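Trainee: Position chain C against the provided structure of chain U, taking the given hints into account.
Residue numbers (the numbering used here), protein chains in the order written: chain U, 944 to 1072; chain C, 339 to 733.
Calculated from the structure, these hints are not laboratory results.
All figures in this text were calculated on a predicted structure; none of them were measured in a lab.
Even for Gly, the Cβ is constructed at its ideal location relative to N, Cα and C.
Heads up, none of these hints are tricks.
Coverage of chain C stretches by chain U, computed from C-beta distances (three or more under 8 Å per stretch; other residues unrestricted):
{"no.": "1", "region": "451-458"}
{"no.": "2", "region": "495-504"}
Using C-beta positions, here's what the derived DEER-type ranges look like:
{"no.": "3", "chain 1": "U", "residue 1": "LYS1046", "chain 2": "C", "residue 2": "GLY516", "range": "37 to 45 Å"}
{"no.": "4", "chain 1": "U", "residue 1": "ALA971", "chain 2": "C", "residue 2": "GLU634", "range": "38 to 46 Å"}
{"no.": "5", "chain 1": "U", "residue 1": "LYS1046", "chain 2": "C", "residue 2": "GLN513", "range": "25 to 33 Å"}
{"no.": "6", "chain 1": "C", "residue 1": "VAL461", "chain 2": "U", "residue 2": "LEU1059", "range": "44 to 52 Å"}
{"no.": "7", "chain 1": "C", "residue 1": "ASN595", "chain 2": "U", "residue 2": "ALA971", "range": "33 to 41 Å"}
{"no.": "8", "chain 1": "C", "residue 1": "GLN556", "chain 2": "U", "residue 2": "ALA971", "range": "42 to 50 Å"}
{"no.": "9", "chain 1": "C", "residue 1": "PRO633", "chain 2": "U", "residue 2": "ARG1045", "range": "48 to 56 Å"}
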Amino acid sequence: MRDEHEPDHELELTSPLVPLFVITNGHALPPEHEYGHTTLVTAQEGASAAARTLSPEAREVMDLVADGFLSVAEVAGHTHLPLGIVRILLAQMEASGLIIVRKPVPRAERADRELLSAVLDGLKTRFGA
Amino acid sequence: MNRDALIWCLVASTAIAVAAVVVLFVRSRALGVKKRQSEAALTQQIYTTEGQLAVSRAELRKHKDEYDSTIREAEQAAEESTKAVLKGAARFLQSLAAEQTTLLDDIQRTYGGHPVLADLLDVNHANAQMARKAQGIAVMCGAPLGRRNKPASVYDVVRSAQGQIRNFHRVEIMQQGGLALKASAVAPVALAVAELLDNAASFSQHDAPIEVTFQRVQSNLCIVIDDAGVSMSDEDRQRATALLSGDITPQLSQLGNQPKFGFPVVGLIARQYGFKVDVTGVSRYGGVRAVVLLPEELWTMEETPPPAEEAPVSSIRRVEGRPQNGTRTMHGLPKRGARQSPIASVPDAEAPAPRPTSRLPEGGRASGRSLGAFQRGTLSGRNLDISSLEGSEDA
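Looking at chain U on its own, in the form it has when it is part of the complex (with noise of 0.2 Å):
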């Protein structure tokens, strides 16, 4: 494909010409559990206002969730950008104060098998049944 020799034609650059990472502006990602796909962010009230100083992609994401809720997931579908970078923006968001946040309700965690067994041996030491 790529030949040394190769005339003096220009080089064409076909990659974005904004990278991901000066998008989210270096920041790092949040904690995994934090903006699960199914998290809901909405904007705060009277947030818009303040959207003006955002950039382009934050404020695409502000206006997607401007008028209710939305799940992470399909902010990442309509911005057409990678889950990981939307979670980022919505991270430096929330901590801006400019969206609401309500993180999906927790599955119920499975009672530790072990554990039980081992309580019900001891009941059953103790008080012989």
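Mentor: Coordinates of chain C only, in the frame set by chain U:
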């Protein structure tokens, strides 16, 4: 008797005296002639010698000129061959870096939901800096710059430049809408601004901000870069001006062991693409103010059309029947009422992107449509996240 003798004596001495005078006179005349002759001979000799000297000098000069031109030619040839070698290498690096950027972008989108994304972003940042260096060396060697074939907003061009320097988070860019650079100007202006930002970052405190603002002055668009670093001395300023005007192009061999490509590269591309760069101003923080002055041929007032694959946001959010901030719970959370219409729908007609649209049948009833739209939205979001580690929440 005595008297006669005396007279004779007198006569004799007079005669002797006269004879002596005559002899002395003759002798002095002879000496004079001889002296004149020898002077003439000497003068002649001096003339001859001077002539010879002039000839020798001319010859020496000729040899010196020949020698100088030979040295110059040799230097020129060495410069040319060094440039040719370096140009080849730089072009190779340039295309490799561009290829890698495209690859990395694809990978970032593939693994967008995976924690590895954080590392990929760092790798991409390092790669962007390498790409800038390769571009700079290529330009110094006379190779063409990479080209972009789409116009872009001036804000995005500066953000692209921002990504090419190490401490990019120090750069603060003023929002600017409605000003776009023509496609041919995107890559050169991005590289020039990147070099100026790098310069601003290198000559100021490692946490001091670098501000980028935009100004329209008559028919020109100015990109103004203010740093809070040390200002330049008059000598530095003069040298920078000469380099940035493209009047002086330092030879590669003069760049030293830690070559400073920045200003020479900016000067070369500014001249090549017809814009001006000035660094003689003082920023409002007392540092250097760099101004990139773009003539009207390079920019337009038009809004850049959004990339084709982007979903039209305006049609997504204007949905009737949605509760408009009105109904909120006591904690400030909006209430979700029974929905009559989709929360968001990707218009099937214009939106070219999400694959699921074709797979999903159009529901007949309103509730079915809204459910379908919701599903499409969720699926389009999920499609981007192939490597989901979390359990499936739709089960």
